[in-house]
Every structure is written in C-alpha cells, then in structure tokens.
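Peer 1: Here are the chains, one letter per residue:
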Amino acid sequence: MSAASRRGAIAILGVGQAGCGDAGGRSEQEIVADAAAQAIRSSGLAKSDIDGIMTASLTSPWWVMRMAEYLGIRPKFSDNTMHGGSSFIAHLHMAALALEARECNAILVCYGATPRSAPSSSRVNAMRAELDPQLYEHPYKPFNPVSSYALAAARHMHQYGTTREQLADVAVAARKWAQLNPEAFARGPLTVEDVLAAPMISDPLTVRDCCLVTDGAGAYVVMRSEDARVIHPKPIYVLGTGVAHWHRQISSMEDLTVTPAAQSGPTAFARAGLKPSDIDIVELYDAFTINPILFLEDLGFCRKGEGGAFVSGGRLAPGGDLPVNTNGGGLSFTHPGMYSIFLVVEAVRQLRQEAGARQVAKADTALVHGNGGVLSAQATAILASSL
Amino acid sequence: MAEQRDTSDAAPPLCASAADKTYLAHLATGAFHIQRCDDCGKGVFYPRAICPHCGGQSLSWFRPSGAGTVYSTTTVRGRDRMYNVCLVDLDEGPRLMSRVVGMDSLDVKIGLRVTAKVIETDDGTPLLVFERMPT
Numbered sequence: 001m002s003a004a005s006r007r008g009a010i011a012i013l014g015v016g017q018a019g020c021g022d023a024g025g026r027s028e029q030e031i032v033a034d035a036a037a038q039a040i041r042s043s044g045l046a047k048s049d050i051d052g053i054m055t056a057s058l059t060s061p062w063w064v065m066r067m068a069e070y071l072g073i074r075p076k077f078s079d080n081t082m083h084g085g086s087s088f089i090a091h092l093h094m095a096a097l098a099l100e101a102r103e104c105n106a107i108l109v110c111y112g113a114t115p116r117s118a119p120s121s122s123r124v125n126a127m128r129a130e131l132d133p134q135l136y137e138h139p140y141k142p143f144n145p146v147s148s149y150a151l152a153a154a155r156h157m158h159q160y161g162t163t164r165e166q167l168a169d170v171a172v173a174a175r176k177w178a179q180l181n182p183e184a185f186a187r188g189p190l191t192v193e194d195v196l197a198a199p200m201i202s203d204p205l206t207v208r209d210c211c212l213v214t215d216g217a218g219a220y221v222v223m224r225s226e227d228a229r230v231i232h233p234k235p236i237y238v239l240g241t242g243v244a245h246w247h248r249q250i251s252s253m254e255d256l257t258v259t260p261a262a263q264s265g266p267t268a269f270a271r272a273g274l275k276p277s278d279i280d281i282v283e284l285y286d287a288f289t290i291n292p293i294l295f296l297e298d299l300g301f302c303r304k305g306e307g308g309a310f311v312s313g314g315r316l317a318p319g320g321d322l323p324v325n326t327n328g329g330g331l332s333f334t335h336p337g338m339y340s341i342f343l344v345v346e347a348v349r350q351l352r353q354e355a356g357a358r359q360v361a362k363a364d365t366a367l368v369h370g371n372g373g374v375l376s377a378q379a380t381a382i383l384a385s386s387l
Numbered sequence: 001m002a003e004q005r006d007t008s009d010a011a012p013p014l015c016a017s018a019a020d021k022t023y024l025a026h027l028a029t030g031a032f033h034i035q036r037c038d039d040c041g042k043g044v045f046y047p048r049a050i051c052p053h054c055g056g057q058s059l060s061w062f063r064p065s066g067a068g069t070v071y072s073t074t075t076v077r078g079r080d081r082m083y084n085v086c087l088v089d090l091d092e093g094p095r096l097m098s099r100v101v102g103m104d105s106l107d108v109k110i111g112l113r114v115t116a117k118v119i120e121t122d123d124g125t126p127l128l129v130f131e132r133m134p135t
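So the sequences go chain by chain: X and H. What the first sequence shows, in the working numbering, is residues 1 to 387, in sequence order. What the second sequence shows, in the working numbering, is residues 1 to 135, in sequence order.
If we strip away everything but chain X, and leave its shape as in the complex, we get:
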C-alpha cells in the first residue's frame, strides 16, 4: 500500500516565507534560502537533517541542483518536476512516495522568484518562448497567460451566465483577507466597482482580475508522520493528495469550463476519506478571478456552472460561509510567478492557530489547490491538524 493512499502517512513540520511583495534587492536564491532556513529551524531540525529537496523554476531546468548547491545539501532524494504553479502541491504527492519508499527522511520543498525586482520581464518571456514554443498560438499574439484565462472566463460566462460582478467578488474577498495580513502586498480598499472600472487587459479580465506580479519565497519540510510527531509538537498531516494534467496550451483544453481539478480533487478527497463539507479552510491558486470559480466547481464545493453564484455576496470573505485564500491570495498577498507553495504555508499556519488577525475559528482541516500553466496542471492536497 502506497503512502499516497495511506491517510496521514506524512506530515508537514516547519514552514517559512521571505521577501514577499518586494524582496528589497535580494536575489531569488537569497530569499529562497531565507524561507528554507525558517522552515528547517521551525521544524526543530538542522540543515544536516535534510536529505531530500524538491523545487521548480520558471527559468532554470537545473534549479534543484542550483538550490541544493547553494544551500549545501547533498540529497538522497531530489526532484524538480515542473507542473507550473501547481508544482509545490504536486511535490507533496511525490514526497509521500519517496518517504514511504524510505529514500530519505526529511524533504525540503522550496520556491521563490523576484519578478518585481527582475531586470526585464520581456527578456524572460522571450527566453521562455524559445524553451517552450507554442507554434500554433504564438502567431496570434495572445497576451499570455492573461488571454488564456480570459478565454476560459468568456466561455464560462457564455455557457453559465457567470458575470463580471461575480468575478469581481472573488477579488474583493481576497482583498478583505489581505487587509488582515500584515505581509500582504495589496491592502488598500477594493470594491466590485473598482474591479469593473479597472483597465481591461484581455476581455473580460481587468487588471484587478489578475494576480500581482511581486516577489516572494516559501518553503516547508515534510517527513513521515511517525518521525514528525517525535520532533514537532504540531505536525500537520497530509490526509490525501491528487495530481492531474491534461494539456499545455489553452487551445488543447477540451472544455474550457472543466479543469483537471475534476480529477485531482476527487482523488484527494477519496484518499482523505472526506468530502467538501468536511473542509474548514480552502486555499486556492487564484492567478485570475475565474480560477476560484472553476476550482470550487471542479473540487465539488458547488455544482458545475454555479460557481459564480457561489462566490457572490461575500461568501469567501472573512465572516463568510467558506474561508478562501485567507492570506489574500495571489490576487492581493503576493505572486512571484508561481504560487502554490504559499497555499501550503498559509494552510499550515491556519491549522496551527498561528494566523493572527485572520485566524479562522474552526481550523481543523484545509484543502490546498494549485494550478499550473493555463489551467493545465492541477494538484490538490487535504491537510489536517490531527488524525
């Protein structure tokens, strides 16, 4: 029986975050090292205890080697499988397999980037276009990734009557959570009207429907649960994971209203032995306002097509029925190119009652869901403070 299907076989110990918003001139390696050091220290471990490392990068295919070298880790297990922004939740699934196979004992998962401080995003984008060409999309000059998500939003609006006001509700709810998070980059007032009136980038998405472009790094350490319990007073158990990817380009996505979360979510729930109504907190990768709507539907929190109505009226906001993106999300907290590592960090803090002003009262279970590419790759994990 594999650990991936053995409920609670692995647990998260320490977490760390660094350089969120504006890294203040530090490089991505520097802020990743800072987050990693925090995660290792708050795990109750020393760097010499870390014998596994997992990471991914938008720019470097050798990133795991670079980070292992920089941190001075000679891993028994390493992986930099790139699932786009969902990588750092997909890594939880792979970590479970590695730990169960006893390849290693303590895995550091880390990521960071400094797009806000980067010298030139157009140079990075040109390089990525060479490395990952999309010959049948590029000639039409979509403003990606915004345009791909805009096509999904437009289709959802057409097919289900979802409105721009409902998309805006997602952004407003995230901002309200951000206002409770001292680390959040964007904390000023935001109304539905503000979102609708913001400059349109790629119809129907305005700039406020899009995530931030900011710096940040995150890290966490994961071990087998029986080992974690000895070292950390409050391990956060991984009850179930699910990973799925179906396409790379938006033009190859069969139905723009159904994402691979429809596969990863049910898998994670089945492994956890839970259903959506059992979940106290939801942390979703909100690169764009359409994303939480699609994911809440595909994960089973509401029916397909009803996501727009589900998110309206402040349901996701502080005090709402379902706490979603309690750190402010990629829309308001930070977004350094990829994001799912921050979902894990926030979920762990909530489950440990360490979230300060934004702490949710009932925080026993959390679902974290990462998205990669253009709705291409989805990874879901269900975490709990006890077994």
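Calculated directly from the structure, the hints in this document are not laboratory data. A few of these clues could be false.
Only pairs whose alpha carbons sit at most 27 Å apart, straight line, appear in this in silico DSSO-like list of lysine-lysine [stated by the list, open to error]:
| no. | chain 1 | residue 1 | chain 2 | residue 2 |
| --- | --- | --- | --- | --- |
| 1 | H | Lys21 | X | Lys141 |
| 2 | H | Lys117 | X | Lys141 |
| 3 | H | Lys21 | H | Lys117 |
| 4 | X | Lys304 | H | Lys21 |
| 5 | H | Lys109 | X | Lys141 |
| 6 | X | Lys47 | X | Lys234 |
| 7 | H | Lys42 | H | Lys21 |
| 8 | X | Lys275 | X | Lys362 |
| 9 | H | Lys117 | H | Lys42 |
| 10 | X | Lys76 | X | Lys47 |
| 11 | X | Lys234 | X | Lys362 |
| 12 | X | Lys234 | X | Lys275 |
Derived CB-CB ranges, DEER-like [what the hints assert, rightly or not]:
| no. | chain 1 | residue 1 | chain 2 | residue 2 | range |
| --- | --- | --- | --- | --- | --- |
| 13 | X | Glu69 | H | Ile119 | 46 to 56 Å |
| 14 | H | Thr29 | X | Glu254 | 24 to 34 Å |
| 15 | H | Thr121 | X | Asn125 | 14 to 24 Å |
| 16 | H | Gly124 | X | Arg74 | 51 to 61 Å |
Where is the CB? At the ideal position from N, CA and C, for every residue including glycine.
Use these hints to put chain H onto chain X, whose structure you have.
Peer 2: Just chain H now, kept in the frame of chain X:
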C-alpha cells in the same frame, strides 16, 4: 484563395517537426490543411506524428472546408491597438487558436460562424485567420 508566394518566407522555426513543416509549406501556398487519422478517422490539429485520440501513427493531410464556430474569444487591449484572439472549432472537429478579421474584435461573439482564409502578415509570413461566414 490567396495567391501563391515565395516559400522561403515561411521558414519553419528551429524546433519545427516534419508535420509542422508540412503545415507551413501548405500555408505558404495559401492552402489550409489539417490531418486526419487513418485509423479512427478523427481530425487532428495541431499537426503531429501520432493521433492523440487513438494513438495511431498513420495520419493523412486533407483540406478542411474552412468552416468553423467561435468557441471562445477575447480582445487583447494592446498598447496601441486592440485585436482579437479566439478559439475556433472547425466543423471537422479540431479546435485551434486564431483571429477573426474584417470586423471589430468586440463584435466577435461565441457561436459566430466563420470561415478560414490565409493572409500575409506585415513581415510577409502566411497566417491562418477567419472571417465572418456570409449568411
């Protein structure tokens, strides 16, 4: 039908496969071709060496009718101009990214019936686009 033009303008990108080169060679003559799997009969686009539906490795080129339906659409608000980017479902089955020309991008709606044509871009390369189908 677009006039034939110098094929040297359609030099394929560095990473192009044989199927990409065939597609671009047809396009350079003003013709839009896609593949059909000889095993399962389904249309295939973008071009490749294996059928994504059944795994068959025998794919033949054919000229689709050019008729399609806009599946989704967006208007990119560029710095100097706005332009259309859309996904079109060909009547033969495959979906592709393209642009609807000859009308304001904001007037392109999901469900619009369109027909394919090959144009020449400012730098002389052939590009497949769509225009509103005459009713």
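Peer 1: Now tell me, hint by hint, if it's right for this structure.
Peer 2: Each hint, compared with the structure:
no. : hint                                : verdict
1   : Lys21(H) <-> Lys141(X)              : 21 Å, holds
2   : Lys117(H) <-> Lys141(X)             : 18 Å, holds
3   : Lys21(H) <-> Lys117(H)              : 19 Å, holds
4   : Lys304(X) <-> Lys21(H)              : 40 Å, violated
5   : Lys109(H) <-> Lys141(X)             : 19 Å, holds
6   : Lys47(X) <-> Lys234(X)              : 20 Å, holds
7   : Lys42(H) <-> Lys21(H)               : 21 Å, holds
8   : Lys275(X) <-> Lys362(X)             : 17 Å, holds
9   : Lys117(H) <-> Lys42(H)              : 22 Å, holds
10  : Lys76(X) <-> Lys47(X)               : 14 Å, holds
11  : Lys234(X) <-> Lys362(X)             : 16 Å, holds
12  : Lys234(X) <-> Lys275(X)             : 24 Å, holds
13  : Glu69(X) <-> Ile119(H): 46 to 56 Å  : 50 Å, holds
14  : Thr29(H) <-> Glu254(X): 24 to 34 Å  : 31 Å, holds
15  : Thr121(H) <-> Asn125(X): 14 to 24 Å : 20 Å, holds
16  : Gly124(H) <-> Arg74(X): 51 to 61 Å  : 54 Å, holds
Violated hints amount to a single one, hint 4; each of the other numbered hints is respected by the structure.
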